[in-house]
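Q: Start from the sequences, fold in the hints, and give me the full structure.
My numbering puts the first residue of the sequence shown at 415, with every later residue one more than the last.
Since the hints were made in silico from the structure, they are not lab data. All C-beta atoms, glycine included, are put in the ideal place defined by N, C-alpha and C. Each hint should be verified, as a subset may be incorrect.
Computed list of lysine-lysine pairs in BS3-like fashion (alpha-carbon distance at most 30 Å, straight line) [to be verified]:
no.: 1; residue 1: K587; residue 2: K489
no.: 2; residue 1: K489; residue 2: K431
no.: 3; residue 1: K489; residue 2: K502
no.: 4; residue 1: K587; residue 2: K502
Ranges of calculated distance between the beta carbons of each label pair, as one might list FRET restraints [claimed, not checked]:
no.: 5; residue 1: R473; residue 2: R533; range: 36 to 46 Å
no.: 6; residue 1: K431; residue 2: R533; range: 25 to 35 Å
no.: 7; residue 1: K489; residue 2: W426; range: 50 to 60 Å
no.: 8; residue 1: D525; residue 2: S470; range: 13 to 23 Å
no.: 9; residue 1: I456; residue 2: D525; range: 19 to 29 Å
no.: 10; residue 1: D442; residue 2: D524; range: 21 to 31 Å
no.: 11; residue 1: L564; residue 2: V588; range: 18 to 28 Å
no.: 12; residue 1: D545; residue 2: E565; range: 26 to 36 Å
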Amino acid sequence: SVARVEEEEAEWIEISKAARDYLLQNTDPDAYIITDAQILAIRAGRRVPPEVLNVSRMRIYTGGLSNQQLIEVAKRYQPEAIIFWERKLTSTDDFVTWVGCHYDLAVAYDDRHQIYRPRSAPDLTGIQRLDVDLERVRLLGYAGTFPEQLESGSRLDFVLYWQVLERPDGDFKVY
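A: In structure tokens, the structure reads:
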């Protein structure tokens with residue numbers, strides 16, 4: 415019915431306004447944004463890298479805009495927000511995974527409309543640095559308190575700090 419369409423449209427407009435307000439409040443005026451809804455960046459006065467001005471489904475599906483290209487653009491421009499909005503960018507599985515590794519979910523208006531912000535670097539002060547490269551990951555170091563003497567069967571509590579260098583082929587296990 416017409417009333418239901420108007421209700422859905424009003425809801426979409428409110429979500430879009432909320433996203434614009436988020437960008438205005440949480441990103442710098444000269445910040446870059448990667449999104450499949452450029453109108454959000456425009457309304458907030460934020461920039462979109464030229465390489466991703468067109469994120470049409472056709473461009474993605476035909477290989478004109480690959481996962482690797484999206485990742486490289488994100489690395490180069492270091493956007494202050496990545497916005498999944500029109501279900502175009504969510505079709506790029508590797509890019510979505512990369513975003514999940516480097517960005518935190520800031521706002522999820524629903525399962526379709528989501529804004530991610532750059533993940534804060536962990537505070538590594540006070541850790542024992544190791545900086546050991548192991549295939550596609552780096553063991554940065556560890557933190558914990560250790561007794562002067564260890565006894566068989568005693569428990570050690572510590573935290574390992576890892577950095578992903580390249581996407582692993584599968585899950586890694588530490589033992």
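Q: All the hints need checking, so say for each whether the structure fits it.
A: Tested hints:
{"no.": "1", "hint": "K587 / K489", "verdict": "27 Å, holds"}
{"no.": "2", "hint": "K489 / K431", "verdict": "28 Å, holds"}
{"no.": "3", "hint": "K489 / K502", "verdict": "20 Å, holds"}
{"no.": "4", "hint": "K587 / K502", "verdict": "33 Å, violated"}
{"no.": "5", "hint": "R473 / R533: 36 to 46 Å", "verdict": "28 Å, violated"}
{"no.": "6", "hint": "K431 / R533: 25 to 35 Å", "verdict": "26 Å, holds"}
{"no.": "7", "hint": "K489 / W426: 50 to 60 Å", "verdict": "32 Å, violated"}
{"no.": "8", "hint": "D525 / S470: 13 to 23 Å", "verdict": "22 Å, holds"}
{"no.": "9", "hint": "I456 / D525: 19 to 29 Å", "verdict": "24 Å, holds"}
{"no.": "10", "hint": "D442 / D524: 21 to 31 Å", "verdict": "27 Å, holds"}
{"no.": "11", "hint": "L564 / V588: 18 to 28 Å", "verdict": "19 Å, holds"}
{"no.": "12", "hint": "D545 / E565: 26 to 36 Å", "verdict": "30 Å, holds"}
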